[in-house]
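Chemist: Given next are the chains, with one letter for each unit.
Number of protein chains: 2
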Amino acid sequence: MTVEDRRRVKRLPRDVRERQILDAAVTVFSERGYHDASMDEISDVAGVSKPMIYAYLGSKEDLFAACIHREATRLLEAVAAGVRTELRPDMQLWHGLAAFFEYVGTHRESWQVIHRQSISQGGPYSEELLTMRRQAISLVDALLVRVATSEGLDDNATESLAAALVGAAESLADWWLDNPDVPSRVVASRLMNLVWMGFGGLVEGASWHPS
Amino acid sequence: MTVEDRRRVKRLPRDVRERQILDAAVTVFSERGYHDASMDEISDVAGVSKPMIYAYLGSKEDLFAACIHREATRLLEAVAAGVRTELRPDMQLWHGLAAFFEYVGTHRESWQVIHRQSISQGGPYSEELLTMRRQAISLVDALLVRVATSEGLDDNATESLAAALVGAAESLADWWLDNPDVPSRVVASRLMNLVWMGFGGLVEGASWHPS
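Residue numbers (UniProt numbering), protein chains in the order written: chain A, 1 to 211; chain B, 1 to 211.
Hints were generated in silico from the structure; no laboratory data involved. Just so you know, not all the hints are guaranteed correct.
What the hints assert, rightly or not - Residues from chain B shown here face chain A by an in silico Cβ test under 8 Å; the list is partial:
| hint | residue |
| --- | --- |
| 1 | M52 |
| 2 | S160 |
| 3 | A163 |
| 4 | A164 |
| 5 | L177 |
| 6 | P180 |
| 7 | V182 |
| 8 | L191 |
| 9 | V195 |
| 10 | G198 |
| 11 | G200 |
What the hints assert, rightly or not - Covered stretches of chain B (chain A as the covering partner; in silico rule of three or more C-beta atoms under 8 Å from a C-beta of chain A):
| hint | stretch |
| --- | --- |
| 12 | 37-47 |
| 13 | 168-176 |
A virtual CB, placed ideally from N, CA and C, is assigned to each residue, including glycine.
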């Protein structure tokens, strides 16, 4: 590295540097798992020295927690942005599900870290996942309440259905990690059909399509 | 303890003693969480000395793994026993869901340990949970394949829908831990309606009832 290079690297603002570190950490954690991921490799992939990583983002534990928090926040933002409240109820739900699977499909490393790595590590990391799940349930509940409020489903019922729907999406996205060849739209459409038409409709050959 | 008492205690067969220990451990782990559970308390609740617990079931880690394994196995057996393949497809699904929520409702400590404690501990314990989830998905998939095979849903589709359904049931049962006043049948019926009628049916006021 020349002196000129070094000066240019030094001039990067802290937030840019932190982003580089987190991007590299997500990649390494998703590939290796938490235990086998090394700070050396994260440092190599990020192109940022280990002392700087420790100074900016703390220990490997802290870095892992920061990864889960950032990735979970981005995922929720992507889904929230997908829901368009001016549309018909089914289209609102469809856009939310499509946004979720689109995001997971294009950020598989991210989902791997949020979901599998956080569960396999447990402790504070699984707390982060549980917090994300609660936020996702609130988001879906708000959608179901808008959709269903005039139809006699009470708050307790919509919240429980929101919990079921979030669990279904999470489990299906986990299945998808092992079946990556299925296109995002197909996965989203299966869940939409299940939760909108129901299995009773599906076995009779009915199906839901976005209008 | 008199000599006579001591002799009677000693005469208990090993499997009975192990059952006492595991019952006590499930109670203590579900109340305290893994970290705060002590072998002293488990020993007190079981009425079995600590050295005997170590001799029969190993360390606290081993004991926790044995709890998760036993409770998960019992839950799956209860659900499998609930599915009656001679019935109509919707009734097969209903009996499976009803058996699941019935079991979780009457064994809340067990579900707390299987689900929350294993996730919050991570590591080998979350592996145990993942294995159980895979077995549950196979069970539901077999049901969906029987129901749907003539209707053009391929294996990949039914497996993904089974994953969604298992995730929905798991997440709803987790929600239920925080909302214990809702009766088991009501929770089961909500999920049955969601996955059989679909939300589209529900908002139009349709509902499914066991015949």
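Chemist: Are any of the numbered hints broken by this structure? If so, which, sorted upward?
Modeler: 1, 5, 6 and 12
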